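Asks: Using the hints, build the complex out of the two chains.
Line by line, the protein sequences are chains A and B. Each residue of the first sequence is one higher than the one before, counting from 35 in my numbering. Each residue of the second sequence is one higher than the one before, counting from 507 in my numbering.
Heads up, none of these hints are tricks.
Pairs of lysine-lysine residues, derived as DSS-like cross-links and limited to a Cα-Cα distance of at most 30 Å, are as follows:
hint : chain 1 : residue 1 : chain 2 : residue 2
1    : B       : Lys518    : B       : Lys672
2    : A       : Lys109    : A       : Lys142
3    : A       : Lys158    : B       : Lys867
4    : A       : Lys299    : A       : Lys218
5    : B       : Lys570    : B       : Lys679
6    : A       : Lys232    : A       : Lys297
7    : A       : Lys185    : B       : Lys919
8    : B       : Lys772    : B       : Lys884
9    : B       : Lys887    : B       : Lys570
10   : A       : Lys158    : B       : Lys795
11   : B       : Lys867    : A       : Lys113
12   : B       : Lys877    : B       : Lys735
13   : A       : Lys109    : B       : Lys952
14   : B       : Lys952    : B       : Lys922
15   : B       : Lys867    : A       : Lys110
16   : B       : Lys867    : A       : Lys201
17   : B       : Lys902    : A       : Lys137
18   : A       : Lys306    : A       : Lys320
19   : A       : Lys201    : B       : Lys813
20   : B       : Lys557    : A       : Lys137
21   : A       : Lys270    : A       : Lys158
22   : A       : Lys270    : B       : Lys804
23   : B       : Lys757    : A       : Lys232
24   : B       : Lys688    : B       : Lys672
25   : A       : Lys232    : B       : Lys795
26   : A       : Lys109    : B       : Lys877
27   : A       : Lys224    : B       : Lys804
28   : B       : Lys804    : A       : Lys218
29   : A       : Lys232    : B       : Lys804
30   : A       : Lys142    : B       : Lys896
Quick caveat, the hints were computed from the structure, so don't treat them as lab data. The structure displayed is predicted, hence computed values, not measured ones.
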Amino acid sequence: MSNPTNSFLKVYYDLRPAKQIERRMLIHSFHELRNLGCNISKYQYCGMGSIYFTDYILFHKYLGIEDMISVEYSKKAEKRVKFNRPYNFINILHEDISDTIGKLNVNKKHILWLDYDDVADTDKLETVKDAVLKLAPYSILLITFDSELNKNSEGTYDLNETYNYYKTIFGTYFERNLTIDDFKRENLAKTIIRLTSKIIHNALVGDNSKIFQPLYSFVYADGHQMLTMGGILLPKYFKFDNSIMNASSMNFLRFTFENDPYKIKIPLLTRKERLHLDSTLRKGRKNNIKEFEMEDGFIENYQEIYRYYPNYYESLL
Amino acid sequence: MKTVNANAYPRKRFFIEMFTRDISLEDCVMDLVDNSIDGLIRNQLVKLDHKTILKNLDKSNIEKKHVIDITINNKEFKIVDNCGGIDYDYAKEEAFNFGHSLNAKNYKDSKLGVYGIGLKRAIFKIGNSISISSATDTNSFQIDLQVDQWVKNDSVIDDWTLPIVKDPKLHFKSGTSILINKLNPDIIERVNDGTFFDTLFESISKTFMFLIPLGISIRINNMEIEPFKLPVSNIEGGENSAVSFSQNSVKVDIKAMFALPGDIDKKWKMDISGWYIICNGRTVVFSDKTELTGWGIKTLLPTYQPKYRSFLGLVMFSSEKPSLLPWTTTKRGLNQDSPLFIYTKNKMALTARPVIQFLNKRYSGKKEEEKDEEFSKKLKKVSLANALSKSTSNFKPPSIPKENNEDILVEFKANKEELDSIKKHLRKPSYSYSDIAQYAIKYLLKQEGI
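Next up, chain B with everything else stripped away, as it sits in the complex (with noise of 0.2 Å):
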């Protein structure tokens, strides 16, 4: 019997559809944005430490060095930055592989993840004429691109490179330039649905509101992204929960505090409360009450209420080696069988803890207006890095005048036949019936001897 082979080639249109299906036109911006922010790590023109991260934070009037520039319309996908471009020989040999081959080593080292994932899934998702330009301080490049004519072409291995040009003549230096014609129907849809510039705007405030003070601007149609401002507090005579710790390089803060309540009406807003996590800098999670932070899972933390909306937890992970980070290769989330975000959380919940039990004892009772306004007083605004400078403390509460709080408020429907008979047997005609049910609970801590 005669051997022969089998296709199993990698086919293009596959893998364009695996791309683009699973992410969204604001992912695939927070992936660009990423990468020129990469480029400024590779370049070394910005550290992303912890200690630099803290100084920066809260300076107003930082001299925008690194700009993205970002426009889009229904025409046009561009995104433009100097944060030091992309070198001509990882473009050639590496970064527009389906993946890394065995030699990339060399450029695995750069501090921030996965390089190209992002640029291809937005290539190819966007937009059919795709013109890619870059320059270092020592070389330069470019690539054209007709996508559905590099689709058309799928039979041989060769099949699977792009034309590139060096040194070409470009009028930028020490950046990278993406432009993006004829864009896909879904994309002009989605760009004019109403909502989606909205909702990029809030992704790269929270996503890069540490980032941001360290001198990079990001715009999008020369609208410059303010950076979200997280609504610490410091409490006046007392002290936020903090634990730090470090673990095979990888340095973690996490802070448990009150949040402020908003400037003009004074409540605090449920959509903001919650975790925090940040990884070298990038906001990885924001303001979660799920179980992927702890809530609702028993020795952890208990099911998030709404009388936890003043809560307030920061973790940040720092490392040279950010492969080394609880996050998932996209960095739009966290590994969950990481040993240490398994510690991480336990430590969470360990640092929360005395906040939560203070907020469970404030709210066993009535007139939470009141007692909200009392407590808000004791809150003081404090920049961010004031209220991350404590690496560790023990939570102090703020001292507020007791009022009975062991006492909880109880509701319950019961029979009023059954409560009547009570009143009768106990001869107190004058009893409400509130007053039956608090002598039922006072009879039988006596009866039992409790």
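So here's chain A without its partners, still in its complex pose (with noise of 0.2 Å):
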């Protein structure tokens, strides 16, 4: 059984801009899904909520759900966890989330996160595919990995222990014709989301009740380069159409595991500038910023998340 790093102990979850981002995005699309019929409201949330509960808050704001459980393996926290969970309905459980999943309600729909803080292993991946085994139909299911294994004492990522260590965690769902270019910085996030998804493919083999349908799949470095993928699981024979869900207004959303990810990129910006974008910038038309340079790209990819841009302050209370 694995050991989680307790990555709450070394870095400021709140501040993690690019996460926040992938979180509102979700967000959103969650409330598009209301268009297949899942009332949300009234799925279970299970997460890995550490001691900020980030998602929990946000999910119940902007979602209404109410039954929520946080899994937290470290025994270290476990007064710590309870003294910051936010809302009194968090069920919060000391163990190993390949346990709670095990005993999942499965007449409850849910929205399922396994928000590991580092890379795949074994146990992990056992755990993806008792999750699809698991979970009734219009569920969700998100899985977040880091992608990069620790540098090496030179302070570079060794490809070819990279290379071996999927191989080896991936066992028979490696494929043969992936080289080490695959496991460049810029190709691992696509690769392990490949190869994960068909861990789930596996899953769902044989099974007459249900399908999946990828929607998600994001790479994002607030410090390690991160990946999330998910999807939802529908009834066998449900027929979904990119349409249904308003995809237009989501360019982030992905149906197939196959193409690229979506990247989530910050372009840093004062506040200022970010008010004068806000209301200046026109959708379809090229806009020229003559007020402040601009790097290039930074304005389209201002535009793609500005919705999802999360703001910081201090304030002095």
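Replies: Below, the structure written as structure tokens:
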């Protein structure tokens, strides 16, 4: 069984802007899933809240979910986790998430977020498979992994080590035609997402009750390069059509894991610059900003994510 | 240019060789026992559904209404049953064909699998002088055959027939008798090799462990074969792990639990640990610890190790249509390409996972024997029917007083010089080498802020 790294002890989780954009994009898409008939507010959210519970606060406020479980493996911070719980209705479980999955109530629909803060390993991949087997149709599954193995003593990533590591943990899901190039930083997330999707697919072989529709394939880096993949389980004969999701307003969606993931990039802007852009940018037209220098692509990048851009303030209280 | 025809005839000798080489004598006997049991089902004398099987398990003193009586020695091979018999028309039109013809569909719907391959294989493998007689309630037949004579005539298609007598005078009803004399030399040797009977008894005992309790008596040389007793258990104050589902008219029940340790030595035996897979009551896979049932396959189960020796998993497939079950046509193996089996393997891993994780945690420390005693005290001996009664349950482990089971015993070789230099550097001459290693771990945790 793996030992989570207790990364909450190292990184201020709230201040991961790319992660925050990801959360808000997810929330936007969950609203659109209502068009499939999903009553999201009645779902159970099961995640790994740590001591920050950021996703719990957002999902409760913006989706109305009240049935919530947070799973935290570490016994070292039991009191701290409980102390920081933002809402009383969040049920905190101190166990390995793989145990929680075994006991999930299959009569409920879930949003299950396997939000790991470290790289994939044998145990985590087993948990992914078990989750797909267990979840009921219309449930949403999200998986987040760190993609990068630790830097070696020279401060670089050893490509060979990375290749061998993933070859070992993916076992029969690995592909012979994969090369070291597929594990370079620019390709790493896509490769891992594709291999993991084979596990999801395998869990559904012979299952006459459900299918998996991919929706999310993100790559971002607040520190290490992270990836998030996910989608929705649907009844076997559901005719899914991208247009149901109003996908044109959400170009971060990915309906297949074969394509490049959506890269969350944040142009660093001051508050004043942002307000200016918000008030002047026009959709569908070429925008030129004369008031200050902008790097190439910044404007387009900003236009894509402006709705989700987090604001951080320090305030004197 | 004139077109002529090249020969492409089936050759009797080829079929005989093909049939007889790839199967053991034990499997031949098993096939014949299968046929007898098939007869019971075909003649609706016995039901093989899940409920009936469960109800009858552990019943003692069941009246053994159905008898399969086998005699094997170096002069003769005989199997006689009262399982309903084979219909004359079926014997004449279909049973002895090498493969099913197109109009075989009337017979295909009989409850269990392929009919006839086992019979042909057995008679060709075992001996030269064959006599088959069978009687149903309505008709009967007899076939007598000298194999070496029959093989000689191999030039026209009519040579591929057997002489059959309708409604001969038989001294039994509602059953089948197969008698083989002039046994083949390698069969005689096998029968006398000292291990054959033991292996055969064990195979039958295991393969038919759920069916014998339905009132079927299987005897070899007048010795009754007792069904193998699966050492199932319930957890005192806990729950086994169980999952159940239906897919395309096949019902699947999966259970993961602990075996009861041996009565006398209180130890678990690895040879009965692992997965058991039952199809319509017939054991197809026995105590499997290989990749076949998911061990050592990524995202399924870890590689099987001795620490899992108390693990016992049971998968029961049942269906009114045996062709839907994921077994091979010989009913001795599993069809690994079957989507149903792939799905079931995934579910097996899911069901077993909490049990395996429990065993991983247990055996991470020292003092195994003490732990074993404590653990086995929490396992209750129960009837099979009782252990299998709950179709779904979440695993609840036995509550055993927790010692610090987060500790793992670490053993490794280290360079003495290096250890000595660390000892010197730390200025702790009293430290043992084990102390140094522990210090190193604590140091790393602290330095890296882990």
